[in-house]
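Chemist: Sequence:
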Amino acid sequence: MTRGDTAPVDLDALLARCTFPAPGTAVTAAVSGGPDSLALLVLAVASGCEVTAVHVDHGLRAGSAREADVVAAAAEALGAAWRAEHVVVAPGPNLEARARAARRAVLPDDACTGHTLDDRAETVLVNLLRGAGTTGLAALRPGTRHPILALRRSETAALCAARGLAPVEDPSNTDARFVRNRVRHEVLPLLAEVAGRDLVPVLARQAGLLADDADLLGTLAAEVDPTDASALDAAPAPLARAAVRAWLRPTADGQPPSAAAVERVRAVAAGDAVATEVPGGWRVRRSRGRLHLDPPSAPS
12 MTRGDTAPVD LDALLARCTF PAPGTAVTAA VSGGPDSLAL LVLAVASGCE VTAVHVDHGL
72 RAGSAREADV VAAAAEALGA AWRAEHVVVA PGPNLEARAR AARRAVLPDD ACTGHTLDDR
132 AETVLVNLLR GAGTTGLAAL RPGTRHPILA LRRSETAALC AARGLAPVED PSNTDARFVR
192 NRVRHEVLPL LAEVAGRDLV PVLARQAGLL ADDADLLGTL AAEVDPTDAS ALDAAPAPLA
252 RAAVRAWLRP TADGQPPSAA AVERVRAVAA GDAVATEVPG GWRVRRSRGR LHLDPPSAPS
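Residue numbering for the sequence shown follows our numbering, starting at 12 and increasing by one per position.
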């Protein structure tokens, strides 16, 4: 787990840019064994939090379980607690999303992750390609769940090297089947070349501005009752869309509903349709001026 001597890293300067909770707070850190998550572990311990590192083995490649040994050794060396979890993710479509969901299922809701500024920039582009709106383009947000979001990937690698930690090299990070990898290795470098500058800070800054816009829109949209057809139809389109998205979110396992589904609901509110199907087999119908959200098993 050790390497040769490297240039020193200013740990205090890195910590000053992190958003860990107060010293003494119990923190669960998702640690895969890669450089970002190992740096997260180092910094979480240095912040004074009571840290438990959790390694989740998805069983997607041979030898992946051995990566837990890397996490265990790092946690023990740093004085952190640790545990290993195993989940089953079958090969097939949407592998990244299903692996992420399986990982979240065995982690506490407030577990922190090692996402960096580079991840935030990549997420903006990935979500743009998926047709996301303001909320999706706001991407990852700083806070205790993403405490090292202001750091660059180069800084997490340097920190690991300075601490003598040899991160796990995950071959899936270069697999061109995954959109994020192509954005990371092809799209973002090309855009930087075209722009003539490093676009990671630019995209991350845009995400922050859009997050502020999304928060304001959400606050204003909370005043709109999405079940009141007349009120929803009369509301400005951005507020109506935000109100409908919030109303439909439980039907899509917490994910934002598609723009098409939102517009179909607005059509029902306007009286242009009697009812419409929305994510998960749910149904929105209008009756006596109210919109009703029926689960898949409910009768019409």
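Worth flagging that the hints you see were computed from the coordinates, not collected in a lab.
We treat Cβ as the ideally placed atom computed from N, Cα and C, and that holds for glycine.
One should not assume that every hint holds.
[Unchecked claim] Computed spacing ranges between beta-carbons, pair by pair:
1) Leu22 to Pro306: 45 to 53 Å
2) Glu274 to Ala84: 39 to 47 Å
3) Asp23 to Asp224: 20 to 28 Å
4) Arg208 to Ala187: 20 to 28 Å
5) Gly90 to Asp121: 30 to 38 Å
6) Leu118 to Asn184: 15 to 23 Å
7) Ala187 to Ala76: 33 to 41 Å
8) Thr155 to Asp283: 12 to 20 Å
9) Asp239 to Pro119: 35 to 43 Å
Chemist: Okay, which hints does this one fail, numbers in order?
Modeler: Going through the list in order, the structure violates hints 2, 3, 5, 7 and 8 and respects the others.
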